[in-house]
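Sequences listed follow chains A and B, in order. Throughout, my numbering is defined as the position within the first sequence, counted from one, plus 1316. Throughout, my numbering is defined as the position within the second sequence, counted from one, plus 1316.
Honestly, I wouldn't trust all of these hints.
No distinction is drawn between identical chains; accordingly, a pair holds when it is met within one copy or between any pair of copies.
[Claimed, not checked] Here are the simulated BS3-like cross-link-like pairs (lysine-lysine), alpha carbons at most 27 Å apart as the crow flies:
#1 K1621 <-> K1714
#2 K1618 <-> K1813
#3 K1422 <-> K1433
#4 K1779 <-> K1661
#5 K1621 <-> K1802
#6 K1618 <-> K1351
#7 K1605 <-> K1538
#8 K1748 <-> K1661
#9 K1351 <-> K1656
#10 K1395 <-> K1433
#11 K1395 <-> K1779
#12 K1779 <-> K1538
#13 K1611 <-> K1714
#14 K1382 <-> K1433
It is worth saying that the hints were derived from the structure and are not from the lab. Keep in mind the model is a prediction, meaning the values are calculated, not measured.
Take a look at the letters that make up each chain.
2 protein chains.
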Amino acid sequence: MLAHRAIKQLRASSLLVHRGFAVLTADTINPNIVKAEYAVRGALVLRSNDYTDRLARGDKSLPFDKVIPCNIGNPLVLKQQPIEFHRQVLALVNVPGLVDESEAQKIFPPDAIARAKFYINNIVGGTGAYGHSKGSAVVREEVARFMERRDSHSADLEDIYLTDGASPAVQNSLLTLIRDEYDAILAPIPQYPLYSAAIALNGGSLVGYYLSEENAWDLDVKELTRAVTQARDAGKNVRAMAVINPGNPTGQCLSLENMKMIIKFCKEENILILADEVYQENVYAEGKKFLSFKKVLRDMGKAYKDVELISFHSTSKGFTGECGRRGGYMELVNIDDSVKDQIYKLMSVNLCSNIDGQLMVGMMTNPPQRGDASYERYAEQRDSILGSLKRRAVKLVKAFNELEGVTCNETEGAMYTFPNITLPAKAIEAAKDAGMAPDAFYCTQMLDDTGIVVVPGSGFGQKEGTWHFRSTILPPEEAVDEVIEKTSKFHAKFMDKYR
Amino acid sequence: MLAHRAIKQLRASSLLVHRGFAVLTADTINPNIVKAEYAVRGALVLRSNDYTDRLARGDKSLPFDKVIPCNIGNPLVLKQQPIEFHRQVLALVNVPGLVDESEAQKIFPPDAIARAKFYINNIVGGTGAYGHSKGSAVVREEVARFMERRDSHSADLEDIYLTDGASPAVQNSLLTLIRDEYDAILAPIPQYPLYSAAIALNGGSLVGYYLSEENAWDLDVKELTRAVTQARDAGKNVRAMAVINPGNPTGQCLSLENMKMIIKFCKEENILILADEVYQENVYAEGKKFLSFKKVLRDMGKAYKDVELISFHSTSKGFTGECGRRGGYMELVNIDDSVKDQIYKLMSVNLCSNIDGQLMVGMMTNPPQRGDASYERYAEQRDSILGSLKRRAVKLVKAFNELEGVTCNETEGAMYTFPNITLPAKAIEAAKDAGMAPDAFYCTQMLDDTGIVVVPGSGFGQKEGTWHFRSTILPPEEAVDEVIEKTSKFHAKFMDKYR
Chain A
1317 MLAHRAIKQL
1327 RASSLLVHRG
1337 FAVLTADTIN
1347 PNIVKAEYAV
1357 RGALVLRSND
1367 YTDRLARGDK
1377 SLPFDKVIPC
1387 NIGNPLVLKQ
1397 QPIEFHRQVL
1407 ALVNVPGLVD
1417 ESEAQKIFPP
1427 DAIARAKFYI
1437 NNIVGGTGAY
1447 GHSKGSAVVR
1457 EEVARFMERR
1467 DSHSADLEDI
1477 YLTDGASPAV
1487 QNSLLTLIRD
1497 EYDAILAPIP
1507 QYPLYSAAIA
1517 LNGGSLVGYY
1527 LSEENAWDLD
1537 VKELTRAVTQ
1547 ARDAGKNVRA
1557 MAVINPGNPT
1567 GQCLSLENMK
1577 MIIKFCKEEN
1587 ILILADEVYQ
1597 ENVYAEGKKF
1607 LSFKKVLRDM
1617 GKAYKDVELI
1627 SFHSTSKGFT
1637 GECGRRGGYM
1647 ELVNIDDSVK
1657 DQIYKLMSVN
1667 LCSNIDGQLM
1677 VGMMTNPPQR
1687 GDASYERYAE
1697 QRDSILGSLK
1707 RRAVKLVKAF
1717 NELEGVTCNE
1727 TEGAMYTFPN
1737 ITLPAKAIEA
1747 AKDAGMAPDA
1757 FYCTQMLDDT
1767 GIVVVPGSGF
1777 GQKEGTWHFR
1787 STILPPEEAV
1797 DEVIEKTSKF
1807 HAKFMDKYR
Chain B
1317 MLAHRAIKQL
1327 RASSLLVHRG
1337 FAVLTADTIN
1347 PNIVKAEYAV
1357 RGALVLRSND
1367 YTDRLARGDK
1377 SLPFDKVIPC
1387 NIGNPLVLKQ
1397 QPIEFHRQVL
1407 ALVNVPGLVD
1417 ESEAQKIFPP
1427 DAIARAKFYI
1437 NNIVGGTGAY
1447 GHSKGSAVVR
1457 EEVARFMERR
1467 DSHSADLEDI
1477 YLTDGASPAV
1487 QNSLLTLIRD
1497 EYDAILAPIP
1507 QYPLYSAAIA
1517 LNGGSLVGYY
1527 LSEENAWDLD
1537 VKELTRAVTQ
1547 ARDAGKNVRA
1557 MAVINPGNPT
1567 GQCLSLENMK
1577 MIIKFCKEEN
1587 ILILADEVYQ
1597 ENVYAEGKKF
1607 LSFKKVLRDM
1617 GKAYKDVELI
1627 SFHSTSKGFT
1637 GECGRRGGYM
1647 ELVNIDDSVK
1657 DQIYKLMSVN
1667 LCSNIDGQLM
1677 VGMMTNPPQR
1687 GDASYERYAE
1697 QRDSILGSLK
1707 RRAVKLVKAF
1717 NELEGVTCNE
1727 TEGAMYTFPN
1737 ITLPAKAIEA
1747 AKDAGMAPDA
1757 FYCTQMLDDT
1767 GIVVVPGSGF
1777 GQKEGTWHFR
1787 STILPPEEAV
1797 DEVIEKTSKF
1807 HAKFMDKYR
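Generate coordinates for the entire structure from the input sequences, incorporating the hints supplied.
Structure, rendered in structure tokens:
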């Protein structure tokens, strides 16, 4: 410790001597930021932004006339329409007095007006005032009732914390869990890189557990045991396990047996479960059904009442697709009261999450009901979006499986396909020369050739020697054929070149 | 280092043995969270929430009939009305097709419709889609033009990052600056506790510099030198200096000379400036004028072009008062490009700030202009709010100065008064018995007696042996007299009891 301190003092005094140097350089900022990687918005996306700008300026030199962003689950940029009821309520809440104007009756349905009045009457100061740091009580109540209907178990609004999307909820959970580099978090490989990035930012250790691509991205207890044993042998304290269900980027929907196994394992090994359930409404596979970890945990009875669980949900996914709203929540299950107080304090430093996003959470969890004026339109929008997503998933997976050297598991749920590409040795060599991971090289070539933006598997982690890319299933149905055609042509050309 | 590692391994293995214990307890969560304090939403506020609930349930046993929240700058809960134009644009943007409906022409003025069309046409996917991680380019352009008009210096939208309010911007800046406990940040005492809390959360060290209450909360270079020297002698690396201008909780508005002194000092000592300028529109004192650090820095010429500056602004304050919207931005001035890339990556992990909040930033910085349909109403709202805030500030400061043993500096700007209270020895003794800081004891008694919520000075830091409280100037004008009357009566009673 003394040596450590002496080194730091040396650093401090050496900086004193070097006046005139910048305080912040890539070498002197918090190294955890430098370590963090987030490929979903990484180099490829920046490159595609440049193409978008060039096309907008009328540049005709590119071999495509538009950029198709399949890098991120962002439905509304790809022509998905927002749920009308939700937007009407937001508008009515935001313009003081509008709910009482006669013109408004002509534009807005009565149930939207009624809901707006409910929020106006129950949220002091409205959408423009700071609210409770855990979020508006009336919205948390809506969330609790939603979870009760979903799980057939009680839910308490005091355990629900509204957040600016699921991302800050995950980040705050990891901030709470991680004390130093010896604190480890289990995360799936492949995984949505929010987890790897946030673990790096908080200075913790990620311990990967591999999903089995051969078995439809299944997860088995042997692999979990291997991961935990190896981490502990390396002196790590395994504190939590992140599970993404349905999977991102892998799309699998966990079975009841799988979930029970995970819960038993976590109880046995004293591990907290972080359940990322943002795709709970996106399940397409026949015979598959989303079950929440809370439900399964509670169904397992009193013996499991000490298993700690934090679950996450968001307005960005499902058929709501309101990403830019930054609405989300977490539920703390079996978490110590003193810890909940500390998490409240942590959230209070940022005062509250945005109120419009909170209201979107309220409407997502408490939508129009049969008999309400907006119900039919709501149900029509919901069914049309989910039906279309399913058709697109099936179509894309089928098309990818027809490409040379490509295999692709079914998209049981979520919003992505994650095809495995067998790259020729010459392509791997060329990637090496270009200083890129082979799948990043492939994806860059695809972007340059077609304007389609996908994310290389290396951004999510993958079994060594395998290569993938993640593509969303979000291009509108009429564009899916175009994506398939362009991808197939590009793939054939690429394989011909490097075979 | 080895000893450190051995201890950690021991901790890991001891946890292994103690299966069945909770993963998260107040003793085992990240201790930085436990250390962080945020009095603005602390114990007193929780106590006041309880009173609010009791009053709502019809409890008649309390000696007051309402809770008056003066603990936080949250204007819209205290009857301030939102700027109408801004809300109209939000509504028009959020309901697809509304801008083209004939009924809408009857409800909304043409400039609001035009602005909504501009945002709809320029923001791909609208308010419900993830946008650029730095924020929408059209809004950043509006901010850049605003800063150019304000400062008479160029501004580049690429240096502007939109955020969910100023708080996460400050937190991300501190996350970037702080590597470990040897990295220190200068912060004023007294100060808005976001700084102390965020420094603690990031595991850094706060080095306080005292503002001089005797000289209207002035700041002098001797005190800065003392603080930095003392910190360096203790082995700290002083990386940045937070300045809040106008001050929170102190309300002073920095003079040009003061700002130049700070900039010279920071250049000389190689310190980055964090300029919290969220109260830039709230200046009330005759002859005082807000100047941005960017302007003063640029006015000082090329010799200062390497002084690094990050400045913050928000939609929550000024006369906009849209706290719940979580709109804000930071500008990075003279910051290394590689660091800007890292900050972009850091922000991309959270995808983007909420788009409604971004639009509020756009409207705040680019409001209706003379000649626009909404201009008169806008100007009327603006002048009425600012005029009223000024009257309330003057009235409260005057009233506090008339209380026995109380002195209170002028509220030159911002939204607070910060009276100094000389507490009798018996009161200090009673506080000790109650296990509270003397000013927390005073504020708790005030809440219990009057329903008025203020924050003890100990939550902001203060010179040892002095006691204060912070009260906002936000109760509506008709309620200010009530606040003054209730406070005066309580104070007299308190002094009589403990004198």
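Hints the structure fails to honour = 1, 2, 5, 6, 11 and 13
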